[in-house]
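Asks: Single-letter residue listing:
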Amino acid sequence: MKKKILVANRGEIAIRIIRAVQELGYTAVAVYETPDNDALHIRVADEAVWLGDGPRSDYLNIEKVIKAARKVGADAIHPGYGFLAENPDFAKACEDTGLIFIGPSSEVISQLGDKVTARRIMAEAGIPMVPGTQNLKAGGEGVAEAVAFGAEYGYPIMLKATAGGGGRGIRRVENEAQLRAEIHVARAEAKAAFNNDNVYIEKVVLTPKHVEVQILADAKGKTVHLGSRDCSIQRRNQKLVEIAPSLIKDRKLVDEICATAVRAAKAANYFNAGTVEFLVDKEMNYYFMEINTRIQVEHTVSEMVTGIDIVRTQIKLAMGKDLAFDQKDVQIRGFAIEVRVNAEDPQNNFMPEAGKKVTVYRSPGGYGVRLDGFVYQGYTIPEDYDSLLVKMTVFGFSWNETVDRLRRCLANYVITGPKTTIPFYLKLVNDPDFQSGDFDTSFIETHPELIEYDEQGSEVNKLARLIAEIHYEQQNKYAI
Amino acid sequence: MERIVTGMSITEVLETMRGNEGYYVTNTARDLSQSDFKNRILLHTELLAAPAREKANYFSLEITGGASVHVDILRKQVDPFLKLELLRDKMPNTMFQTLCRGVNLFGYRPYPQNVIRLTVREFAKYVDVWRVFDFMNHIPNMLAVFEEVQKAGKILEPCICFSTGPEHTDDFYVNKVGEILDVTGDEILLCIKNHGGLGTPKRIGQLVAAIKDRYPDIVIHYHGHNTDGNDVGRISAAVRNGAKVIDAADHSFTGYYGPPPILSVIHDLREEGFEPVGLDDSAIIETSEILRNEREHYEYFESQFKGFSPTVQIHKLPGGAMGSSFEQAVKGDFLDKMPEILHDELPKVQKELGNYWSVTPGSQILWTTAVNNVLGGDRYGNPTGDLKNLLLGKYGPFPFYQPPDWIYEKVFGPDWKKILEEEGGLDDIEDIDIEKERAGLAKRLGYEPTEQQLVTYLQHPNDAVEFFKFEEKFGKVYVLPPSIFLRRGGFKLGETLQFKDHNGKEHVIEIGPKQKSEDGEWKVYLNVDHHEREYSFKEVVQGSVAQEAQLSKEEVEDLARVGDVRAPFKANVCEISVEAGQEVRIGDRLAMVEAMKMQTPVDSVVNGKIEKIFAELGQALKVGDKMIKIKVDEG
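Those protein sequences? They're chains A and B, same order as listed.
Counting in the numbering used here, the first sequence runs from 1 upward without gaps.
Counting in the numbering used here, the second sequence runs from 1 upward without gaps.
Everything labelled a hint here was simulated from the structure, so no lab data went into it.
What you are looking at is a predicted structure, and each value in this text was computed from that prediction instead of being measured.
Cβ coordinates follow ideal geometry from the N, Cα and C atoms, glycine included.
Just to be clear, a hint being listed does not mean it is correct.
Said to hold, decoys possible - Chain B regions said to be covered by chain A (calculated; three or more residues, Cβ under 8 angstroms): (1) 71-83; (2) 468-476; (3) 489-496; (4) 525-538.
As the list claims (entries may be wrong) - Some chain A residues near chain B, calculated using beta-carbon distances under 7 angstroms: (5) 83; (6) 123; (7) 127; (8) 128; (9) 358; (10) 362; (11) 459; (12) 462; (13) 463; (14) 466; (15) 467; (16) 470; (17) 479.
Whole structure, please, built from the sequences with the hints as guidance.
Replies: Here it is in C-alpha cells:
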C-alpha cells in the first residue's frame, strides 16, 4: 500500500515536506488550525485534517496530532521545525503508537535538548566548548556558583535556559550585580517558556561567527556532513540570512569543523538529519554550541551546494534505508544564500505585518533561484503565527555571482500589502561589508543604516507615486 | 560681430547694437501669455523648444522673473534654479533674461535690502539681462537691484512703465529716463514697458523719438503686449523711431494675451527695411512647430476670454490680469458684473487712485478694489491691506496726484490725516537676519538647505517649503510631459506612459486598475518598469466639510469682539504677529492672511491677552476657522 506521511506543521516547511513526500510517491497529509483555513499547505497536500481552532495550541497538541495520524492511517510523521519538532514527548508518543517519527529518537532529542547533558556528552568526546557550568544549583548556592564562574572567566557571560533553543531563553549579563539580579528572572522565564527552570552559564564569545554543519546519519551509525553554513547575520539571535558554505578563508579550519561535527553527532549516537552549531571567535577558535535535532529553516542552502535533498533523505532514513552515499561523494559546489522574506517592517523594529492581505505577489525566477514559500496573491497573513513568508535561496558558481543574483532577485520581487524585509535585504546586498563575506553576529547591530531606505526610493517610484495620485484624483492637485 | 552671445559685457552689447542697422529680438517665453496659461508652460515644454530657440539667435530669451519664480514652485513643482541650469545646458549662447519687480523682486511686496541683494546675486549666476521695473516708476525702489546687477557684471535694463492719459506726456517719461541714467550711468539698455499694450503705434513712435532726441546714444528695448491685437504696429513704430530691441513670442503659443508673433514682426519690419540681426527664420518656424504639438495639453488653462480685447485701452488691465480676472469672475460667480467692473469701475478707480501704472502689484490693487467696490456696493468700504499700503505711500509717492480726501476718510476713518502723517511714506524695511531664516528653513526641512533653496524660500516662504517637500516625495517631476503632469480625468486603463527621469533613465509606466478595497481604501495599481506597484488613497468624504455652516461676515466680527478671532475669508496664514500670553490693544496686528496675492492684516478689535493661537503659519483657512483666542480685559 502507498505510504502515508502526516506533516505536523504549517507554512513553508509543511509545503517543503509535502513536496518531498509526493516526490517519493507517498501520500501527504496536512494538518491545520482554523486560522489556517486558507493556507496553501492544505491545498497542496493530498489529505488534510483539521486539528481545532488553535491558534498554535492545536499544532502543539501531541494528542490531537497523533489522533489525526491514526485517523488517516499514517505511517510516519514529519514534525518540520518549531512546534513539536524538538519535543521528546512527541517523538516518544509516536514511538509508543508505532508511528515512525521522522527525526532522531526521543532519547537523543531529550539528551541534546537538555543543553547541560549535551555539553557533558560533547566534553567527554573531546569536542571544543565554550567555558560554562552545569545546571546551576537552586537558590543561593546557584548564585554563588555563577558568581564564581564570572570571577574566573570574566564578563560578559550568558545565562541560558537548559531547555531553551532557537535563540530563546538566553540572557546576556555584563557584570556581577546584573548576574545576581537576573538569575531569578531567567529562571522564571525559563519556567514559563519551557516548563523547566534550569539555567546554566556560558562565557560570551564576543562577536563570533555562527558556523553550523549539516549532518545526516543512518541507523547503522554512518554519519556524513553536507558541509558548513554561515548564519552570522542575525537580529536578536534570530537568523535572517544563511550562506553555504562558510566563507572562512582558512578551508582547512572549515574541514576540521565539519569533521568535528561528525564526531559530535557520533558521540550523541545521532540518527537522521541534524545540525551541529559552532561559534568561531576572532582568533579562529571554534566552540561547540548545540545540536539541533530537526530539519532547519536554512537547510536549503546546503541542498543547493551539495545537490542532496535533505528532507527526502530524512524520510528514507526514517523508513529504514541506509545512507546511499559516503562522505567522499559529497561535493560542495558554488555558493548559496538564503534570505528569509518576512512580513515585517524593518523600519518599525521589524514589527510583524500580520493580518494584511497580499495584494500583488510576483516572484523572481530564472537560473539559480529557489523559493520555498506559501503566500499567494490574495492571501491574508494570519496573525497567530510567525512572519516568515518565503525563503528565497539563490545559487551561484562564485560568491560574487551569487551576490549579484541575490540583488537581481530581490529587485524583481514584488509583494504589496504587507511590508516585508525585502528592501532591507536590498540594502544589505549592496553593503560592502556583506559583499566582502567577512562578517560576524554583530553585523546587524553595527550596520544600523540597513534600515534607512526609502521604500519608494528610486526616482521612477517617486514619479510613479505622483502619477498614481494624478490618476486617483483625476487631476494633478499640485498643479492647480 | 553681429550676434550677441552670453558672456559679452554690457559695453560690447551696446557697441554691437549701435553698430548695426537692424534690430534685435527678445523671445518673451515667460510672458507668452499672461493668463493662467502662461503659468502652466512646463519646463518639459521649454526644454523641447530649447534647441530650436538656441538656433534662432535671439538677443535673449526671457524665461524667468515676474511671477514665474512663484509659479515654478507653486504650479509646476520645478526648482527655478534647476530650470535655468537645464535650459542653459541646451542653450549655451542665448542670453537669459529676467523681469524683476524692483524692491518687490519676484514677489508682490517690498523685500528687505539684504534679501534683494542675496537674491539678485544668486540669480545673476544664470541670468544675463535684468529688466527691472517699479509699478510707481519710483526709481529709489529699484536702486538695490540696479547696484547688484551692475556689481555682478550683468546687463542692466531699467524700465519706464508706460501708460496713457493726460499726465503721461513725453516730457514726463524723458525726465524719468534722466532720473534713471543719473543713478545707473550710460551703460544700460532702457526698456519701455508697455505691459498693457496701451497707446497707438503713433504714440509709441513719438515716445521713442522723444527719448532718442534727448539721449541719442541710448539703446531702447520696447516691450509690449498684443492684448488689443495691434502690438505689431507699436513695435514697428518703435523700431522705425530708433528702438533696437523688441519683445515678441513664438507664434504657435500666442493669442490675445502676451506679445505678438515674432515672425509677424519680422515680416512687417522687413518691408520697412529693417532686418532682425542674425535671426534664423526657419528656426523660429521650427520652434513653433514643436510647440504647436504641446499646446493641446494646456487647453484647460487657456483663458475663458477669447479673442482680442481692444477695450484694454479703457480698463488698462494688462493681459495677464485679464485672463485671471475672468477666471476669478467665473469662480466667484460674478461674470455678469464684468463689463461694469472693467469698463466703468476700473477706469474710475484708476483715475481716483492717481492714474499710476497698472502692473504688478499695482494692477492687482486696482482690480481688487474695483471688484470690491462693485460687489460690496459700498465703494472703498472694504479696503484690502495692500490698498491701505498704497494710500499710505508704502509703495512710493503717487506720480501725478494724491487720491481725493474722501477715499482716505473712507479707508482710514475720520482720523485719516493723523494716520497718514504718522504712518505714511515708504518704510525703511529693516534687514532680516538671513542666518536665522536659514536655520528656520533647515528646521522646517529637516536638512541644511542649499543657498538656492534659501533664496527661493526668502521669496515665498511657505510655498517654497511645500515645494521642497513635494520634491522630496515625488522627485524631479519636470521630466513628465504636460500630457501626464496636467492630465485631467485620469488615465486610461492599460495606457502606457513613457519618459526619461532626471538621470536620463528611460521608464515605462502602465496604468493598471483602480479599485476600492474591502477596508474602504482606494488602490491604484501601476506597472512601473514591469513591476507591479500598489498605491493606497483614503477617500475624502465629500460634503461633510462643505455642509458645515460657514460663518457670515457679521458673525466673524461678533466673535472677534469677544476675543474669538476667526478667519475673515478663505486665505492662507502668512504671518502670526503675536505670541501666547502677549498683551494686545485694539488695532494691534494679530496676524496677516493672504488671498489672491493680496495680504490683509487681522487686527485686534479688543484689549486683552493672547490665550491660544490656533492658526499655523502657512495654514489654508476657510471662512470662520479659528485663528486666535484672546482673553478680553474686564470692563
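Asks: All the hints need checking, so say for each whether the structure fits it.
Replies: Verification of the hints:
no. : hint    : in the structure
1   : 71-83   : holds (count 3)
2   : 468-476 : holds (count 5)
3   : 489-496 : holds (count 3)
4   : 525-538 : holds (count 10)
5   : 83      : violated, 31 angstroms
6   : 123     : violated, 54 angstroms
7   : 127     : violated, 49 angstroms
8   : 128     : violated, 49 angstroms
9   : 358     : violated, 10 angstroms
10  : 362     : holds, 6 angstroms
11  : 459     : holds, 4 angstroms
12  : 462     : holds, 4 angstroms
13  : 463     : holds, 5 angstroms
14  : 466     : holds, 4 angstroms
15  : 467     : holds, 6 angstroms
16  : 470     : holds, 6 angstroms
17  : 479     : holds, 5 angstroms
The structure fails hints 5, 6, 7, 8, 9 (numbered hints given earlier, in ascending order).
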